[in-house]
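Peer 1: Using the sequences and the hints given, assemble the complete structure.
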Amino acid sequence: MIFGILVNSGPYQHQAADSAYQFARAILDAGHVLHRVFFYHDGVNNGTRLTSAPQDDRQIVERWTRLALEQGVDLVLCVAAAQRRGVVDADEAERHGKDGDNLAPGFRISGLGQLIETAIETDRLVTFGA
Amino acid sequence: MATLHTVNQSPYGRTALARCLNYIQPGAGLLLMEDGVLAALTGGAWADRLGGVDGVEIFALGPDLAARGIAIGAVAPNIRIVDYAGFVKLAVEYDRVQSWL
Amino acid sequence: MLFLHHRAPHGSVVAQEGLDAVLAAAAFDQNVTVAYLDDGVFQLVHGQDTSSIGIKNFTPAIRALAHYGVGQLLVEQESLSARGLARQDLVDATIETDETAARGPQVPLIRLVTRAELSALMEAQDVVLSF
Numbered sequence: 001m002i003f004g005i006l007v008n009s010g011p012y013q014h015q016a017a018d019s020a021y022q023f024a025r026a027i028l029d030a031g032h033v034l035h036r037v038f039f040y041h042d043g044v045n046n047g048t049r050l051t052s053a054p055q056d057d058r059q060i061v062e063r064w065t066r067l068a069l070e071q072g073v074d075l076v077l078c079v080a081a082a083q084r085r086g087v088v089d090a091d092e093a094e095r096h097g098k099d100g101d102n103l104a105p106g107f108r109i110s111g112l113g114q115l116i117e118t119a120i121e122t123d124r125l126v127t128f129g130a
Numbered sequence: 131m132a133t134l135h136t137v138n139q140s141p142y143g144r145t146a147l148a149r150c151l152n153y154i155q156p157g158a159g160l161l162l163m164e165d166g167v168l169a170a171l172t173g174g175a176w177a178d179r180l181g182g183v184d185g186v187e188i189f190a191l192g193p194d195l196a197a198r199g200i201a202i203g204a205v206a207p208n209i210r211i212v213d214y215a216g217f218v219k220l221a222v223e224y225d226r227v228q229s230w231l
Numbered sequence: 232m233l234f235l236h237h238r239a240p241h242g243s244v245v246a247q248e249g250l251d252a253v254l255a256a257a258a259f260d261q262n263v264t265v266a267y268l269d270d271g272v273f274q275l276v277h278g279q280d281t282s283s284i285g286i287k288n289f290t291p292a293i294r295a296l297a298h299y300g301v302g303q304l305l306v307e308q309e310s311l312s313a314r315g316l317a318r319q320d321l322v323d324a325t326i327e328t329d330e331t332a333a334r335g336p337q338v339p340l341i342r343l344v345t346r347a348e349l350s351a352l353m354e355a356q357d358v359v360l361s362f
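Residue numbers (this note's numbering), protein chains in the order written: chain A, 1 to 130; chain B, 131 to 231; chain C, 232 to 362.
Check each hint, because a few of them may be wrong.
Here are the computed distance ranges between Cβ atoms for each label pair [to be verified]: (1) A/66 - B/223: 24 to 32 Å; (2) A/94 - C/338: 39 to 47 Å; (3) A/93 - C/350: 40 to 48 Å.
Keep in mind the hints are simulated off the structure, nothing from the lab.
Model, not experiment: these values are computed from the prediction.
Just so you know, even glycine gets a beta-carbon here, dropped at the ideal spot from N, CA and C.
Peer 2: Below, the structure is given as structure tokens:
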């Protein structure tokens, strides 16, 4: 079965970012396909590489990165939501005259069409948020 | 076509569970997760209320119960405890997942 | 594909970003249904003036859905009544159809539905997106 995940909450603020990750792992462990994890609303904050969580706690952004790089999961931040909240890749930074970019490895920024495509192409779309 | 509904907010603090119950149909499933598992504590007002919902299978996510110090024996008897692998299985068995946030 | 809007406008960005998602879906050739329930019904109240709170009022764009082929916007009657709202408190707009107003009847943008109807509609979808 093909799954999609929608994450609406930022890291640490709400458990949703953790639950989504654990669900993602369980999908892969069960041998299903995880087509995409789409991040919307404050969920785009899962994609900034500038977080420094306490060493004895989970590293939310880094483990998303590992999911992408090791398992090939497509992690997409909604561009409009990311712009509002200040998560930018190098192209966006240049386009908007920002003096830095902060997108974490393994993530890409794209339009809401990717969420709709996920809804269409997957058998099950599960939403995590608050 | 049956729906698995998920509720991740405490019913004592937020309305998601109450609102979900306004729409849930017989044959559907309801998964309590994150703070939503607080509804599963036996003897609580919400466990009683969930006991009266006909035709709906109710589940609670085990890791979230354990995190909140709710022992297996303290979960209302009509609620089935599942882990994340079980959550995935439920998502496959039901036809769609609808989250009440 | 069913879009459910549960949240009031302006107090959080969810209502606005929820509308953006509907607009994105309208661009795909999909069967899209849009419904407002719970506090979401407040998004359709007419006469909203956000100038004093300094937030851009996105709700006029909801009326633009009339031109995007998503059909009528469903509004739950029970949610309205519980909140002291009635049909006349909501925006008064019509959908663009193939027939112009001169040749055919004007279809209202908003259609009231009951909770029971909405509940049945949820069960008939491939996917439900909630905002």
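Peer 1: Which hints, by number, does the structure contradict?
Peer 2: Checked against the structure, no hint fails, so every one of them is satisfied.
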